[in-house]
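2 protein chains.
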Amino acid sequence: MNLNLSRKSKTPLYLQVYRSLKQKILKNDLKENTRLPAVRTLADENSLNPSTVVKAYEKLKEEKLIYKKVGSGSYVSSAKNIKIHEDYDDYVNDKIDSTQMNVKNNINFASATPSHDLFPIEDFKNAINHVLDRDGGKAFDYQNTQGYISLRKHISDFLITKNMNSSYKDIQIVSGAQQAIDIISKIFINEGDNIAIETPSYSGALASFKERKAKIHSFNITKNGIDLDELENFLQKDKINFLYCMPNFQNPTGMIMDLESKKRLIDMSVNYDFFIVEDDCISELNYFNEDVVSLKSLDKNNKVIYIKSYSKIFMPGLRLGYMVFPKSLSTKIISTKYSSDISTSGLNQRAFDLYLKNGDYDKHINKINDLFKKRFLHTKKLIEKYSKYFEMVFIPKGGVYFWLKLKNHNFDNFIYKCRINGVSLLPEKYFNTENKNLNNTFRISFSDTSLEQITNGFEIMKNILDDDFTEENIQPIV
Amino acid sequence: MNLNLSRKSKTPLYLQVYRSLKQKILKNDLKENTRLPAVRTLADENSLNPSTVVKAYEKLKEEKLIYKKVGSGSYVSSAKNIKIHEDYDDYVNDKIDSTQMNVKNNINFASATPSHDLFPIEDFKNAINHVLDRDGGKAFDYQNTQGYISLRKHISDFLITKNMNSSYKDIQIVSGAQQAIDIISKIFINEGDNIAIETPSYSGALASFKERKAKIHSFNITKNGIDLDELENFLQKDKINFLYCMPNFQNPTGMIMDLESKKRLIDMSVNYDFFIVEDDCISELNYFNEDVVSLKSLDKNNKVIYIKSYSKIFMPGLRLGYMVFPKSLSTKIISTKYSSDISTSGLNQRAFDLYLKNGDYDKHINKINDLFKKRFLHTKKLIEKYSKYFEMVFIPKGGVYFWLKLKNHNFDNFIYKCRINGVSLLPEKYFNTENKNLNNTFRISFSDTSLEQITNGFEIMKNILDDDFTEENIQPIV
Numbered sequence: 001m002n003l004n005l006s007r008k009s010k011t012p013l014y015l016q017v018y019r020s021l022k023q024k025i026l027k028n029d030l031k032e033n034t035r036l037p038a039v040r041t042l043a044d045e046n047s048l049n050p051s052t053v054v055k056a057y058e059k060l061k062e063e064k065l066i067y068k069k070v071g072s073g074s075y076v077s078s079a080k081n082i083k084i085h086e087d088y089d090d091y092v093n094d095k096i097d098s099t100q101m102n103v104k105n106n107i108n109f110a111s112a113t114p115s116h117d118l119f120p121i122e123d124f125k126n127a128i129n130h131v132l133d134r135d136g137g138k139a140f141d142y143q144n145t146q147g148y149i150s151l152r153k154h155i156s157d158f159l160i161t162k163n164m165n166s167s168y169k170d171i172q173i174v175s176g177a178q179q180a181i182d183i184i185s186k187i188f189i190n191e192g193d194n195i196a197i198e199t200p201s202y203s204g205a206l207a208s209f210k211e212r213k214a215k216i217h218s219f220n221i222t223k224n225g226i227d228l229d230e231l232e233n234f235l236q237k238d239k240i241n242f243l244y245c246m247p248n249f250q251n252p253t254g255m256i257m258d259l260e261s262k263k264r265l266i267d268m269s270v271n272y273d274f275f276i277v278e279d280d281c282i283s284e285l286n287y288f289n290e291d292v293v294s295l296k297s298l299d300k301n302n303k304v305i306y307i308k309s310y311s312k313i314f315m316p317g318l319r320l321g322y323m324v325f326p327k328s329l330s331t332k333i334i335s336t337k338y339s340s341d342i343s344t345s346g347l348n349q350r351a352f353d354l355y356l357k358n359g360d361y362d363k364h365i366n367k368i369n370d371l372f373k374k375r376f377l378h379t380k381k382l383i384e385k386y387s388k389y390f391e392m393v394f395i396p397k398g399g400v401y402f403w404l405k406l407k408n409h410n411f412d413n414f415i416y417k418c419r420i421n422g423v424s425l426l427p428e429k430y431f432n433t434e435n436k437n438l439n440n441t442f443r444i445s446f447s448d449t450s451l452e453q454i455t456n457g458f459e460i461m462k463n464i465l466d467d468d469f470t471e472e473n474i475q476p477i478v
Numbered sequence: 001m002n003l004n005l006s007r008k009s010k011t012p013l014y015l016q017v018y019r020s021l022k023q024k025i026l027k028n029d030l031k032e033n034t035r036l037p038a039v040r041t042l043a044d045e046n047s048l049n050p051s052t053v054v055k056a057y058e059k060l061k062e063e064k065l066i067y068k069k070v071g072s073g074s075y076v077s078s079a080k081n082i083k084i085h086e087d088y089d090d091y092v093n094d095k096i097d098s099t100q101m102n103v104k105n106n107i108n109f110a111s112a113t114p115s116h117d118l119f120p121i122e123d124f125k126n127a128i129n130h131v132l133d134r135d136g137g138k139a140f141d142y143q144n145t146q147g148y149i150s151l152r153k154h155i156s157d158f159l160i161t162k163n164m165n166s167s168y169k170d171i172q173i174v175s176g177a178q179q180a181i182d183i184i185s186k187i188f189i190n191e192g193d194n195i196a197i198e199t200p201s202y203s204g205a206l207a208s209f210k211e212r213k214a215k216i217h218s219f220n221i222t223k224n225g226i227d228l229d230e231l232e233n234f235l236q237k238d239k240i241n242f243l244y245c246m247p248n249f250q251n252p253t254g255m256i257m258d259l260e261s262k263k264r265l266i267d268m269s270v271n272y273d274f275f276i277v278e279d280d281c282i283s284e285l286n287y288f289n290e291d292v293v294s295l296k297s298l299d300k301n302n303k304v305i306y307i308k309s310y311s312k313i314f315m316p317g318l319r320l321g322y323m324v325f326p327k328s329l330s331t332k333i334i335s336t337k338y339s340s341d342i343s344t345s346g347l348n349q350r351a352f353d354l355y356l357k358n359g360d361y362d363k364h365i366n367k368i369n370d371l372f373k374k375r376f377l378h379t380k381k382l383i384e385k386y387s388k389y390f391e392m393v394f395i396p397k398g399g400v401y402f403w404l405k406l407k408n409h410n411f412d413n414f415i416y417k418c419r420i421n422g423v424s425l426l427p428e429k430y431f432n433t434e435n436k437n438l439n440n441t442f443r444i445s446f447s448d449t450s451l452e453q454i455t456n457g458f459e460i461m462k463n464i465l466d467d468d469f470t471e472e473n474i475q476p477i478v
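Taken in order, these protein sequences are the chains called C and Z. Position 245 of the first sequence, counted from 1, bears residue number 245 in the UniProt record's numbering, the numbering being contiguous throughout. Position 113 of the second sequence, counted from 1, bears residue number 113 in the UniProt record's numbering, the numbering being contiguous throughout.
Rather than coming from a laboratory, the hints here were simulated on the basis of the structure. Incorrect hints may appear among the rest.
Since the list gives no way to pick out one identical chain from another, each pair is judged satisfied if it fits inside one copy or across any two copies.
[Claimed, not checked] Straight-line C-alpha distance at most 35 Å; calculated DSBU-like pairs for lysine-lysine: (1) Lys8 to Lys385; (2) Lys213 to Lys300; (3) Lys388 to Lys239; (4) Lys405 to Lys332.
Computed from a prediction, not measured in an experiment: that's the story for all the values here.
Let the hints inform the model, and build the full structure from the sequences given.
If you want it as C-alpha cells, here you go:
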C-alpha cells in the first residue's frame with residue numbers, strides 16, 4: 001500500500017501515515033471491516049520504522065476509525081462509528097472555501113445561503129463603481145460608527161412600510177447579523193445570566209451566548225412558534241435577560257408565530273421585564289402571503305431589538321446587516337460596536353445604499369422569491385413522496401428549509417452515507433441548544449440546489465436508506 | 001434674539017432652545033460672561049411659554065454652560081468650564097462623518113489616519129473590478145472564517161522577509177485591528193483578570209479591555225519603551241494574562257523599544273508566563289532606518305500574538321488587518337472570529353490580495369513614507385521653535401505623532417480654545433489608562449495635515465497661548 005509520504009515535509013511521518021490512511025477510510029477506498037496491512041508489512045513497503053506505523057494505528061484507533069482484533073490485526077471500523085464533521089468550524093471552512101471543495105456530484109442541502117450564480121454581480125458592480133467615482137476616498141475613510149447615514153435613512157424609510165416607525169437614529173449598521181448577536185451578548189450577558197432561546201435554533205447565536213457563559217434555557221418550537229406556556233412557566237419562577245427568537249420562518253423549522261402568540265409574547269416581555277431579540281433573516285421569502293408581522297412592529301414598550309440579516313436573501317459575503325434598538329440602548333450599542341470593529345466597511349455600505357435607492361434590491365428579492373417558491377414546492381412534493389423514510393416535523397410556511405425526521409433507520413449511518421455519497425445535510429446537532437435529544441432530525445435547505453439537484457439528492461437518500469437494512473444485517477459484532 | 005425654532009419638528013421646544021443657545025455659546029457668538037436675555041423677554045421674542053425657556057436655561061446650567069447670579073440673571077460661563085468632547089464616540093462620529101463637519105479653517109491634528117486624497121483609489125478600483133470579473137459571485141459568498149487563503153499566503157511570504165516565519169495557517173484575517181483586540185479580549189479576559197498595558201496607550205484597546213472587566217495595570221513609557229523594571233516588580237508579585245504593547249513607534253508617543261529591551265521582554269514572557277499582544281500599526285513609517293524588529297520575530301516560545309493594522313498607513317475604511325498567533329491558539333481564535341462576525345468581507349480581502357500581488361502596496365508605502373517624513377521634520381522644527389510653550393516629552397523615531405506637554409498654561413482652556421479656533425488635538429484623556437495624571441500632555445498627529453496647515457496650526461496655538469495670560473487675568477470670580 002503506497003502512502004505517498006514526503007520526507008521533506010515538516011509534518012512528522014507518523015502523522016502523514018495516519019492522515020493518508022484516514023483519507024482512504026473516509027473516501028471509502030478502505031471499506032469497513034477491511035483488514036489493514038500488518039505493521040511490519042506497511043513499514044517495509046514505505047521504508048518506515050515499524051514504531052511509526054504503530055503510532056499512526058494508535059491514533060486511528062483512538063479516533064475509532066479502526067478497531068483491533070486480538071491475534072488478527074487491525075480493521076476499518078463500521079461506518080456508523082466514523083464521525084465526519086467533527087465541529088462546526090471545520091464544516092464551515094469546508095463548505096465556504098468552495099474553490100477547494102470537491103463539488104463533483106455534490107448536492108448541497110446544508111447551505112442556507114443562495115448559490116453565487118444568484119448574486120446580482122453586474123448591478124452591484126455598477127453600484128460600487130458609481131460610489132467610487134462619486135465618493136472617492138471617503139468610501140475608504142472611517143465611517144460613522146453607527147453606520148452610513150444615508151443607508152440608515154433608507155432603511156428607516158423601508159421600516160415605516162413594515163409598521164416599524166424607527167428613526168435612523170435607532171438603527172445600527174453591523175457587519176452581518178452575527179455581529180449584532182455578538183453585540184447583544186456583550187451588553188446583556190454576564191457569566192451565569194439566564195437567557196432563553198428556541199429549540200432547535202441557530203448555532204451561531206448559541207456559540208455567541210455560550211462564549212459569554214450564559215445559562216441558556218431552551219423552549220420547544222410548536223406549530224405556533226416557541227412554546228409560550230413552557231416559557232411562561234419558567235418566567236414565573238426565574239428571570240431572563242432576553243429571549244432570542246426567529247418569529248417568522250424560524251431557522252431551522254420554517255415555522256411562523258401566529259399574530260395572537262406574537263402579541264402574547266410582547267405582553268410577556270413587559271410583564272416579566274425582558275428584552276426580545278428578534279432575528280429576521282428570511283421573512284421576505286413569503287410564498288403564501290403569510291402575515292409576517294414583526295414583533296418590533298407590535299412593540300410599544302421598547303422591549304424588542306430587531307436584527308436584520310441579508311445573508312440568506314442577498315449576498316452573505318457582503319457582511320452587512322442592521323439592528324433596530326430601543327432608544328435607551330443607543331449609547332451602549334454604539335460604543336460596543338465601536339470596540340468590536342470601529343465601523344463597517346464604507347464601500348459596502350455606500351454601494352448597498354445606492355443599490356437600495358436604485359430599486360435593484362426589490363427586483364432581486366422578487367426574482368429570488370419566484371425561484372425559491374418553485375424549489376419549495378418541489379422539495380415538499382418529494383418529502384411527501386418519500387414519506388416512508390422522512391417525516392416533515394413541521395410544515396414550513398416560507399423560507400428555504402425543511403426540518404425532517406428520519407424514520408426507522410440508523411441516523412448516524414444515514415448522515416455519514418449521505419456525506420460520502422455527495423449529499424450534504426445539517427443534522428440536529430448543529431441546532432441543538434442544550435444537548436436535548438432532537439430525535440434524528442435534520443435540516444434540508446434548497447438555497448444552493450437546482451430543481452434537478454433536489455430530485456437527485458432525494459434519490460440518493462432513498463438509495464442509501466434502501467441499502468441500509470442490508471448493511472446493518474451484515475455488520476459484525478466486535 | 002432669534003432662536004430659529006421649528007414648530008413642526010418632533011424635538012420638544014425646550015430642547016430646541018437649549019440647543020440653539022448651546023451652539024451660540026460653543027461658536028463664541030455668545031461670549032463668556034455675557035448676560036443672557038431675561039426669561040420673559042426671550043419667551044416673548046420667540047412666542048414661547050416662559051416655562052420652556054426656564055427648562056432650557058436649567059439644562060444649560062446643569063451642563064455648566066451658563067451660571068446664575070442671584071437677582072441679576074444668567075451669564076455665559078467662562079470658557080474653561082465648558083467641556084467639549086463629552087466622550088470618545090461623539091468625537092469619533094464627529095470627526096468621521098466628514099461630509100457633515102465644518103472643515104473651514106479646520107486643522108486636524110487629531111486624526112492619525114491619512115487624509116483621503118492620499119488613498120490610492122484608482123489602483124484599488126482597478127483591483128476591485130479585476131476581482132469582480134475574475135471571481136464573480138465568489139467574492140460575495142461567505143469567505144473562509146480564517147481569511148482568504150491567497151491573501152494569507154501573501155502575508156506569510158511578506159512576514160518571512162521580516163523574520164517572522166509563520167505559515168498562512170497561523171494567520172487570522174480580521175475586520176481591522178480593533179477586531180483582533182476584541183477577539184483577544186474575549187479569549188483572555190474574564191472579569192477581574194489582570195492584564196498590563198502602557199501609559200499612555202491606545203484608547204480603543206482600553207475600551208475593549210474595560211468592557212471585559214479586566215483589572216488593567218499600566219506601566220509608563222520610557223525612552224526605551226515600556227518600563228520593564230516596573231513591570232518586572234509587578235510580575236514578581238502578581239500574574240498577568242497578557243501585556244498589550246506597541247514596541248515600534250508607540251501610539252501616542254512614537255517611541256521604540258531598543259533591541260535589548262525587546263529581548264528582555266520576550267524572556268520575561270517566558271519566565272512569568274504571559275502572552276504579549278504586539279500591536280503594529282505604523283512600523284512602516286520608519287524615516288531614519290531604526291531597527292524596527294518585531295517582538296514576534298524574536299519569539300521562540302510562542303508567547304507573542306502579533307496584530308497588524310492597515311488603518312494608519314493605507315485606508316482605514318477598508319476594515320482589514322490580520323493577526324499572527326501561536327499554533328496552540330488556532331482553534332480558539334478561529335472560533336471566536338466566527339462568533340464575532342463569521343468572516344471578513346470577501347471583496348475587500350480579494351481586492352487587497354490582488355493589490356499586494358501587483359506590487360501597488362509597496363509603491364504606496366514608499367510614497368506615504370516620503371511625504372510623511374517631510375511632515376515629521378517640519379512638525380519637529382515647529383515644536384522646537386515653540387519650545388517656550390511646548391515640551392516634546394519623547395523624541396519620536398518615526399510614525400505620525402508627537403506627544404507634547406503644555407508648559408505654564410491652563411490646559412483645559414488651551415484645548416477648548418484650540419477647538420473653537422479650528423485646531424483639533426487629542427488631549428491626554430484619550431490615552432489615559434488608569435486616570436493617571438498625564439501632566440497636561442496631548443497628541444499632535446500630522447497624517448491629515450499639509451505642511452502649510454501644520455505651520456498655521458502652530459501659529460494658531462501660539463496666538464491662543466499668548467492671549468491666554470490676558471484672559472486668565474480678567475476672569476471674574478463667580
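Each hint tested on the structure:
1. For a Cα distance limit of 35 Å, the shortest separation of Lys8 from Lys385 qualifies neither inside one copy, at 54 Å, nor across copies, at 62 Å.
2. With identical chains, the CA atoms of Lys213 and Lys300 are at most 35 Å apart both within one copy (31 Å) and between copies (33 Å).
3. When the C-alpha separation of Lys388 and Lys239 is checked against a cutoff of 35 Å, the pair qualifies neither within a copy, at 44 Å, nor between copies, at 62 Å.
4. Proximity of Lys405 and Lys332 under a CA criterion of 35 Å is satisfied inter-copy only: 33 Å between copies versus 42 Å inside one chain copy.
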